[in-house]
Amino acid sequence: MNSYVLDVRKLKVDYATSMKTIQAVKGISFSIQKGETLGLIGESGSGKTTTAMAILRLLQNPGRVVGGEVILNSDIDLLTLSERELRKVRWTELALITQGSMNSLNPTMRVCEQIADGILAHKEMNDKNELNEYIKNLLKLVGLPERVFNQFPHELSGGMKQRVCIAMAASLNPSLLIADEPTSALDVITQRIVAQTLLDIKERLNTSLLIIGHDIGLMAQMADRVAVMIDGFIVEVGTMQEVLSSPEHQYTQILVDSMPSIKRRKPLTAIDERTRSEISNKLCVSSEMTEVTTGHWVAVN
Amino acid sequence: MDQSLLEVNDLTKIFGEASQKQKKQVVALQHFNAVISGTTPKIITIAGESGSGKSTLANLILGFIKPSFGTIMYKGQDVSSFDKGEMLTYRREVQAVFQDPYSIYNPYYCVEHIFDIAMHNFKLTDDKQKKRDLIEDALNLVGLKGENVLRNYPHQLSGGQLQRVMIARAYMLKPNLIIADEPVSMIDVSLRAMILEIMMKLKDEYGISFIYITHDFSTAYQISDEIYLLYHGMTVEKGNTVKVINNPHHLYTKDLIASIPTIDEKWEGHIEVTEDLESDRGQLKPTPTFMEVEPKHWAVLS
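In the order they appear, the protein sequences are chains U and W.
Note that the numbering used here has the first sequence beginning at 4, numbered continuously upward.
Note that the numbering used here has the second sequence beginning at 30, numbered continuously upward.
Keep in mind that the hints are not guaranteed to be accurate.
What the hints assert, rightly or not - Subject to a maximum C-alpha distance of 27 Å in a straight line, what follows is the list of computed DSSO-like cross-link-like pairs (lysine-lysine):
(1) W:K325 - U:K269
(2) U:K269 - W:K232
(3) W:K232 - W:K174
(4) W:K295 - U:K37
(5) W:K295 - U:K269
(6) U:K269 - W:K230
(7) W:K230 - U:K266
(8) U:K269 - W:K71
(9) W:K272 - U:K266
(10) W:K283 - U:K266
Rather than coming from a laboratory, the hints here were simulated on the basis of the structure.
Computed from a prediction, not measured in an experiment: that's the story for all the values here.
With the rest of the complex left out, here is chain U (with noise of 0.2 Å):
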């Protein structure tokens, strides 16, 4: 038996208001080995990030689980535990990174604090040195330089603050990090810059990545396996090298087939509003996967 840090069984969630209730994800499952950084795809309105504030429970309202399991570890149920063990759970085992990360940072407080602040509302450590000489450790690990220590967000570039999010969300080395579209509002050297970061701080602590995005060729750098999203539902899962080498699902062959090249020129493909309601259809109907090669799952076609 494979132990998994993440597994997510048939999970759904729902957005109720009084007009009608739509459903966001509709009983998709995956899992994430020790050590394993899973890219997690799909377009707006995919459901993609739905999925990810409902591993950690943090849909806001109206948006509501109805179903299925998420299990840490092996062990803890997600969706069970009480707000005050999740609170035990949350930043130690879990972490999370956003697009925006970067500009939740507090303007008035310096980096230092900032990660201290996190460090110290898990974690007992009285050792000011010692605390101290964590911080500074953890801005090496993210390759920022000593000065950041005392200086302000509004000091730092984009990807700089990108960077120390990553230190913070590090600091208490989780199992799990969770990577909501970490690098989409950089520059293209920037944004390579983050992700090696990120691949970096996955390798030195061992743990696992769960990283959200729209961007194939981004993913392609960065994950080992994939699971793409339309609609709620899961169409395709398996190794990166696999799924773009020989992508299986009718709307996983579109998403490969209109990621332009800098290599040649070629005709891209679009999808037009018939196909992708079509695609939709069928899934209500049945989305049931199939294994077509050892790990390669894929939905009915």
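Dock chain W against the given chain U, drawing on the hints supplied.
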């Protein structure tokens, strides 16, 4: 001789100039030169990272801001010397499509409003039937039908649809040039191709040139003929798009192109963190000298 459609000479924009003494000045764009042919329509990419001056260039060409020095010549005439009538013609013949299709529409009006304003401002026609035909024709070109979009409110349409409506509006005015400032960066990947295809079609079949402003090199590689790479307001490399991207010469360009996440190959090794030197943005530099790396490919020595 082939008359140029648009010719930009030594275009420079400095923000926060001399008058406000304690304020830091920022040279947003300097010594920018480019020519767009009047006979062969082309898609010209202006690429660079945030703060490189690419949107400043768009705003200058569209006349939203005035250059500190340098000139913009349209069909051989200086844009700053235009009288009201000439300016109106210029405004009609040089159209723009912007990044965010959601914020461009007034949420209180149906989508049709955006065509009505254009009709009214540029006095295209007063005849109701003709109006309807013009709109329908433009919408069909971008793969939409009037009955499906015109009476809808902006929030009822997707980003891709809204952006296509913007292109239809621009096309309806029969422009010679469209400035497309990051037109696809907020559009989902699977719809991006459709917008790019429309741009190609407008160029090939309707003779409309584009200035395509983007930070996305892979789409630029797909559709554009020429590329200008900006770094801190300076052009560092320019020429045929395929040549520049396949064989980058300037150090910055090399780093940039090596960092593009593609599905073709993995990133090689690590790139070093370069400290951002904001301080040198305040200084105007001498006009750069370009070296011809290969035919139709120039780079500033770095």
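Hints, one by one, checked against the model:
About 22 Å separates the Cα atoms of W:K325 and U:K269, which keeps this hinted pair within 27 Å; it holds. The straight-line distance between the Cα atoms of U:K269 and W:K232 is roughly 18 Å, inside the 27 Å bound, and the hint therefore holds. Restraint check for W:K232 and W:K174: the C-alpha separation of about 22 Å stays at or below 27 Å, so the hint holds. Among the hinted pairs, W:K295 with U:K37 is consistent with the structure: their alpha-carbon atoms are about 23 Å apart, no more than 27 Å.
Between W:K295 and U:K269 the CA atoms are separated by roughly 20 Å; this keeps the pair inside 27 Å, and the hint holds. Among the hinted pairs, U:K269 with W:K230 is consistent with the structure: their alpha-carbon atoms are about 15 Å apart, no more than 27 Å. Between the alpha carbons of W:K230 and U:K266 the distance comes to roughly 23 Å, so the proposed pair stays at or under 27 Å and holds. Only pairs whose Cα atoms come within 27 Å are accepted, and U:K269 paired with W:K71 is accepted, the gap being roughly 18 Å.
Only pairs whose Cα atoms come within 27 Å are accepted, and W:K272 paired with U:K266 is accepted, the gap being roughly 11 Å. Annotation: proposed proximity of W:K283 to U:K266 holds, straight-line Cα distance about 15 Å (limit 27 Å).
Checked against the numbered hints above, the structure violates none of them.
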